[in-house]
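Just so you know, the sequences run in chain order Z and E. For the first sequence, numbering that gives the first Met the number 0 assigns the number 0 to the initial residue and increments by one for each residue that follows. For the second sequence, numbering that gives the first Met the number 0 assigns the number 0 to the initial residue and increments by one for each residue that follows.
Hints are not guaranteed to be accurate.
Partner residues aside, some chain Z positions facing chain E, computed with beta carbon under 7 Å [what the hints assert, rightly or not]:
| hint | residue |
| --- | --- |
| 1 | Thr1 |
| 2 | Gln4 |
| 3 | Leu37 |
| 4 | Thr228 |
| 5 | Pro232 |
| 6 | Leu352 |
| 7 | Val371 |
| 8 | Ala396 |
Note that these hints are calculated values from the structure, not bench results. Positions of the beta carbon are idealized from the N, C-alpha and C atoms, including for glycine.
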Amino acid sequence: MTERQKKLVAVVLGITFLIGLFARISLSSDLAAIDARLEEIRRVGHSSEEIALLQEEYSEKGNVVSLITLGLIVSGLALLYFMNAGLANRVGFALLTVALVAFITYTLIRIMPGDPIQQLATELVRERGLSYEDAVNMAYTLLDYDPEESFLEGFADYMAGVLRFEFGYSWVYHVSVNKIIARALPWTLLVLSISLMLSFAIGILLGMAIAWKRRTALDPIITFYAAFTGATPDYVTALVLLIVFAVNLRWFPLSGGYDPTLDIGFNWPFIASVLYHAFLPILAYTFENTAAWALAMKGSAVSTLGEDYVMAARARGLRDRRIMVSYVGRNALLPMITGLAIALGSMLGGSTLIENIYNYPGIGRFNAEALVRRDLGMMQGLFLFQAMAVIFANLMADLLYTRLDPRIKLED
Amino acid sequence: MTTTAKAVRRHGWRRWLQRNIVEPFLIIYRNRRAFIGFLILLFFVLITIFGPMVVPLELRTDYANRFAPISLDHLLGTDYQGRDTFQLLVHGSRETLGIAFLAGIFTTLIAVVVGMTAGLFGGWVDRILMVLTNAVLTVPYLPVQLLLGATFTLRDPISLALVLSIWAWGSLARAVRSQVLSMKEREFIEAARVLGLSTTHIIFSEMMPNIMPFIAINFLTIMRNAITASVALMFLGLVPLDPTNWGMMLNDATSRSGAVQISVFNRNALIYVAAPMGAIVLFQLGAVFLAHGLDEVLDPRLRGE
Numbered sequence: 000m001t002e003r004q005k006k007l008v009a010v011v012l013g014i015t016f017l018i019g020l021f022a023r024i025s026l027s028s029d030l031a032a033i034d035a036r037l038e039e040i041r042r043v044g045h046s047s048e049e050i051a052l053l054q055e056e057y058s059e060k061g062n063v064v065s066l067i068t069l070g071l072i073v074s075g076l077a078l079l080y081f082m083n084a085g086l087a088n089r090v091g092f093a094l095l096t097v098a099l100v101a102f103i104t105y106t107l108i109r110i111m112p113g114d115p116i117q118q119l120a121t122e123l124v125r126e127r128g129l130s131y132e133d134a135v136n137m138a139y140t141l142l143d144y145d146p147e148e149s150f151l152e153g154f155a156d157y158m159a160g161v162l163r164f165e166f167g168y169s170w171v172y173h174v175s176v177n178k179i180i181a182r183a184l185p186w187t188l189l190v191l192s193i194s195l196m197l198s199f200a201i202g203i204l205l206g207m208a209i210a211w212k213r214r215t216a217l218d219p220i221i222t223f224y225a226a227f228t229g230a231t232p233d234y235v236t237a238l239v240l241l242i243v244f245a246v247n248l249r250w251f252p253l254s255g256g257y258d259p260t261l262d263i264g265f266n267w268p269f270i271a272s273v274l275y276h277a278f279l280p281i282l283a284y285t286f287e288n289t290a291a292w293a294l295a296m297k298g299s300a301v302s303t304l305g306e307d308y309v310m311a312a313r314a315r316g317l318r319d320r321r322i323m324v325s326y327v328g329r330n331a332l333l334p335m336i337t338g339l340a341i342a343l344g345s346m347l348g349g350s351t352l353i354e355n356i357y358n359y360p361g362i363g364r365f366n367a368e369a370l371v372r373r374d375l376g377m378m379q380g381l382f383l384f385q386a387m388a389v390i391f392a393n394l395m396a397d398l399l400y401t402r403l404d405p406r407i408k409l410e411d
Numbered sequence: 000m001t002t003t004a005k006a007v008r009r010h011g012w013r014r015w016l017q018r019n020i021v022e023p024f025l026i027i028y029r030n031r032r033a034f035i036g037f038l039i040l041l042f043f044v045l046i047t048i049f050g051p052m053v054v055p056l057e058l059r060t061d062y063a064n065r066f067a068p069i070s071l072d073h074l075l076g077t078d079y080q081g082r083d084t085f086q087l088l089v090h091g092s093r094e095t096l097g098i099a100f101l102a103g104i105f106t107t108l109i110a111v112v113v114g115m116t117a118g119l120f121g122g123w124v125d126r127i128l129m130v131l132t133n134a135v136l137t138v139p140y141l142p143v144q145l146l147l148g149a150t151f152t153l154r155d156p157i158s159l160a161l162v163l164s165i166w167a168w169g170s171l172a173r174a175v176r177s178q179v180l181s182m183k184e185r186e187f188i189e190a191a192r193v194l195g196l197s198t199t200h201i202i203f204s205e206m207m208p209n210i211m212p213f214i215a216i217n218f219l220t221i222m223r224n225a226i227t228a229s230v231a232l233m234f235l236g237l238v239p240l241d242p243t244n245w246g247m248m249l250n251d252a253t254s255r256s257g258a259v260q261i262s263v264f265n266r267n268a269l270i271y272v273a274a275p276m277g278a279i280v281l282f283q284l285g286a287v288f289l290a291h292g293l294d295e296v297l298d299p300r301l302r303g304e
């Protein structure tokens with residue numbers, strides 16, 4: 000292809016992308032309106048005819064939205080390929096992983112022992128007082144699942160939902176999983192971001208210190224600390240902290256995210272209470288993760304110390320502090336960035352148990368509840384969401400790393 | 000097995016013992032950390048094999064004796080039903096460590112098959128397997144285990160071990176693949192090829208012995224992860240196995256028995272809560288020490304330090 004043709008294709012793709020984006024935005028607001036009406040009707044009364052009609056409309060429009068989204072993804076990826084092939088490869092791989100995870104969750108619904116439709120229908124009859132027939136119909140639409148469909152047709156339907164970022168429906172709470180995520184995510188983000196930053200910062204400083212001055216007492220202590228936290232599952236640490244500081248010493252609260260007697264808002268008592276409740280979970284995560292950062296940083300810093308430019312800096316008589324911060328620290332820090340995404344993944348994985356132990360109102364506690372109460376809808380929705388978040392974080396870390404370190408090129 | 004038999008026939012028992020038992024032991028013995036880890040793991044292996052024969056198991060409830068302190072009768076006190084905590088731990092070790100061992104074997108098998116296939120075949124087989132491996136590595140391990148554990152009803156150790164290994168083979172498979180790729184270029188494999196030896200011979204007699212120590216270290220890590228995940232599953236109450244299983248003990252200790260709350264006015268309850276945690280952490284510590292020590296021994300870059 001000549002340069003001119005390439006440009007033409009890129010422009011056409013760009014225009015298609017923009018039109019698609021516009022259509023998608025206008026249609027999804029329609030969709031949201033239908034969804035709100037459905038919810039209203041379901042809450043007040045239950046004229047099953049109207050529900051069926053609305054649901055029909057919803058799934059029709061929803062399919063259009065999903066198709067447009069698919070088109071957007073494909074054209075966007077093609078556009079990216081013209082600009083930067085390596086980048087498009089990475090993004091394409093991340094999307095492929097998401098598709099694979101969605102396929103696995105869908106397969107689990109299909110091969111799960113017992114009939115999920117019947118299970119959800121009986122639950123609906125019991126909790127909503129619907130007639131059994133209505134309940135079964137509702138269960139079909141809520142689950143996006145039809146046993147008459149072939150495996151592939153069903154998967155296409157499921158993927159249509161995934162493309163609209165609809166993570167399913169909770170059987171226990173009777174709301175969409177998106178609503179649960181919207182409510183729980185801020186709590187998890189608060190705790191995870193603070194602990195990630197704390198453990199990263201402390202770990203980096205410790206790692207630098209032991210790389211700079213070998214043969215101090217600090218080195219074997221950190222090594223043992225790393226072995227110890229490596230051997231202790233994070234939920235054991237969380238439990239010990241809970242038993243010691245919350246149950247026995249009563250320094251910290253046993254459960255919850257804030258004191259419910261306070262009014263929620265941007266006022267000091269509320270913020271203080273939020274931080275007070277988040278203290279133990281943050282301590283547990285930070286204690287578990289700091290040593291690993293310290294060891295990784297030590298390894299990275301030791302190999303940087305051997306570089307010629309460090310020797311040159313020494314020869315020029317620069318002060319130790321300056322060499323340590325600007326020459327060794329900065330360069331040794333770079334490879335740590337990919338570790339951030341991995342750490343986020345493992346912390347998110349551990350959150351199910353830790354938030355359950357502290358009864359903290361984040362994603363993890365809802366996940367634990369879904370698992371224990373066999374709320375398959377919420378379980379799979381939350382899993383898909385967590386997986387997507389980690390895949391996205393990995394992609395971002397990858398791109399950031401290649402951006403910051405010019406020695407590394409994106410390859411295919 | 001046949002290769003072992005052949006080697007024994009060729010060199011005699013003494014030589015075989017020297018190479019496969021004495022030398023590895025000496026390597027472990029010389030590294031202090033590895034040796035401590037080895038002793039801890041040996042202790043657990045002995046308890047797992049002989050413990051249940053020596054220590055009787057009394058599951059009868061004895062409420063008068065609940066949360067008894069440490070004494071000669073009850074080495075680690077008693078639980079919320081007056082059962083001896085030490086007995087429970089000893090008898091639970093078989094199932095807890097057995098599941099982890101099985102999961103380790105399954106995971107290693109999958110990883111070696113995937114890694115070897117990808118490394119030996121190359122081309123599109125390699126590409127597909129590596130995309131799959133990357134996906135397994137990207138999506139974190141514990142959420143997958145929890146989802147699988149909640150979806151299926153797991154009532155026996157073997158299916159639990161299978162579930163624990165489905166998503167655990169990523170890093171080992173990738174490492175085996177790169178080892179195979181680097182070995183493919185080395186002289187002794189080329190020589191074997193030129194001599195016209197069969198592919199099975201090359202894989203099992205030439206390549207396998209070279210990656211065995213490497214697999215052994217990874218096996219320890221995989222077992223540790225399997226214990227963490229299986230205890231997590233039981234802790235959430237998803238896999239109702241034998242009540243002596245350490246995960247079940249932890250679940251009992253923290254939820255059903257109320258021992259955590261009771262510990263405020265009866266300190267002895269803490270011993271009961273701490274016992275399964277201590278056993279898990281001690282075993283894991285042993286595995287970490289042995290793996291790190293072996294790493295140092297086998298990786299010449301680390302040996303210098």
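| message | Quick check on the hint: Thr1/Z CB to chain E CB, less than 7 Å? | response | Cβ of Thr1/Z sits 30 Å from chain E, so the hint is violated.
| request: Report holds or violated for the interface hint on Pro232/Z, using the least CB-CB distance to chain E and a cut-off of 7 Å. | output: holds, 4 Å
| field | Minimum beta-carbon distance criterion (7 Å), Val371/Z to chain E | value | holds, 6 Å
| Status of the Leu37/Z interface restraint (C-beta, 7 Å, chain E) | Result: violated, 28 Å to nearest chain E Cβ.
| field | Status of the Gln4/Z interface restraint (C-beta, 7 Å, chain E) | value | Because about 29 Å separates Gln4/Z from the closest Cβ in chain E, which is outside the 7 Å limit, the hint is violated.
| message | A closest beta-carbon separation below 7 Å is what the hint needs, so does Ala396/Z meet it against chain E? | response | violated, 11 Å
| task | Against chain E, run the beta carbon of Thr228/Z and see if the smallest gap drops under 7 Å. | result | Result: violated, 10 Å to nearest chain E Cβ.
| request: Tell me if Leu352/Z is really an interface residue toward chain E, meaning its C-beta lies closer than 7 Å to one of theirs. | output: holds, 6 Å
Hints 1, 2, 3, 4, 8 from the list above are not met by this structure, while the remaining hints are.
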